[in-house]
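J.: Sequence:
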Amino acid sequence: MEKIRTFLCFELAEHVKEQIGSFIDRIRTDSRCVRWADPAGIHLTLQFLGDVDETAISRIDECVVSAKESIVKFLIKVHEKGVFPNPKRPRVLWLGIEEGTGNLAALQQRLEDELVKAGFPREEREFTPHLTIGRVRFQNGTQEVIRNFENSPFPGVDFQAGEVVVMRSDLRPSGAVYTPLLKYKLLPG
Numbered sequence: 001m002e003k004i005r006t007f008l009c010f011e012l013a014e015h016v017k018e019q020i021g022s023f024i025d026r027i028r029t030d031s032r033c034v035r036w037a038d039p040a041g042i043h044l045t046l047q048f049l050g051d052v053d054e055t056a057i058s059r060i061d062e063c064v065v066s067a068k069e070s071i072v073k074f075l076i077k078v079h080e081k082g083v084f085p086n087p088k089r090p091r092v093l094w095l096g097i098e099e100g101t102g103n104l105a106a107l108q109q110r111l112e113d114e115l116v117k118a119g120f121p122r123e124e125r126e127f128t129p130h131l132t133i134g135r136v137r138f139q140n141g142t143q144e145v146i147r148n149f150e151n152s153p154f155p156g157v158d159f160q161a162g163e164v165v166v167m168r169s170d171l172r173p174s175g176a177v178y179t180p181l182l183k184y185k186l187l188p189g
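With the first letter of the sequence shown counted as 1, position 73 gets the number 73 in our numbering; the numbers rise by one all the way through.
It is possible that part of the hints are untrue.
Derived BS3-like pairs (lysine-lysine); straight-line CA-CA distance at most 27 Å [unchecked claim]:
#1 K183 <-> K3
#2 K117 <-> K68
#3 K77 <-> K17
#4 K68 <-> K17
#5 K117 <-> K73
#6 K73 <-> K3
#7 K185 <-> K77
#8 K73 <-> K17
#9 K117 <-> K17
#10 K117 <-> K185
#11 K185 <-> K3
#12 K17 <-> K185
#13 K3 <-> K77
#14 K183 <-> K68
#15 K117 <-> K183
Keep in mind that the hints were calculated from the coordinates and are not lab data.
Hey, can you work out the whole structure from these sequences and the hints?
T.: Here it is in structure tokens:
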């Protein structure tokens with residue numbers, strides 16, 4: 001039986017991807033210490049499920065249908081930025097959510113609760129909504145990249161979170177390839 005690397009997310013509107021792509025172009029250096037995200041694939045993860053059996057997709061479907069019930073689409077403003085775990089030993093460069101965090105947290109909690117009831121494991125880490133724009137490959141040379149990242153303002157951009165996506169992720173040497181498996185519209189606002 002095939003295993004599928006799976007997560008739940010919001011895809012980004014094109015104007016958001018373009019704005020993030022412009023920001024990445026401004027902060028990118030010649031250093032190869034960071035693998036920059038392709039803006040076309042950037043998404044807002046709600047719940048990472050990992051490798052699941054192909055047959056589990058129907059259980060995921062039922063969980064999302066139940067969790068999204070009565071959830072109205074909402075505005076998300078992307079403006080914050082930072083690094084995980086910290087600037088001295090960065091591993092992930094991200095853009096964060098300035099507006100819409102309450103709605104995101106509520107939806108994510110409902111999704112996780114439904115998934116746990118269906119036998120999926122609870123996420124060990126606290127939910128921190130963010131958009132990954134770069135992953136550190138090796139530490140040598142990262143300080144210049146981090147300094148450039150911290151000193152470059154991100155003007156902010158917003159979008160309507162209106163559709164939860166069950167996403168397949170295939171890891172390749174060139175980076176992850178994402179394929180939407182199922183999409184669920186939230187109620188009109």
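J.: Does each hint hold? Answer for all of them.
T.: Status of each hint after checking the structure:
1. K183 <-> K3: Satisfied, since the Cα-Cα distance of roughly 20 Å is no more than 27 Å.
2. K117 <-> K68: Status holds; Cα separation ~15 Å.
3. K77 <-> K17: holds, 13 Å
4. K68 <-> K17: Distance of about 25 Å is within 27 Å: holds.
5. K117 <-> K73: Roughly 24 Å separates the two Cα atoms, so the pair holds.
6. K73 <-> K3: Cα-Cα ~31 Å, so violated.
7. K185 <-> K77: holds, 19 Å
8. K73 <-> K17: Given pair K73, K17 holds - Cα atoms ~19 Å apart, limit 27 Å.
9. K117 <-> K17: violated, 34 Å
10. K117 <-> K185: holds, 22 Å
11. K185 <-> K3: The given pair, whose Cα atoms are some 26 Å apart, holds under the 27 Å limit.
12. K17 <-> K185: holds, 20 Å
13. K3 <-> K77: violated, 34 Å
14. K183 <-> K68: holds, 11 Å
15. K117 <-> K183: holds, 21 Å
Of the numbered hints given earlier, the model fails hints 6, 9 and 13; all others are met.
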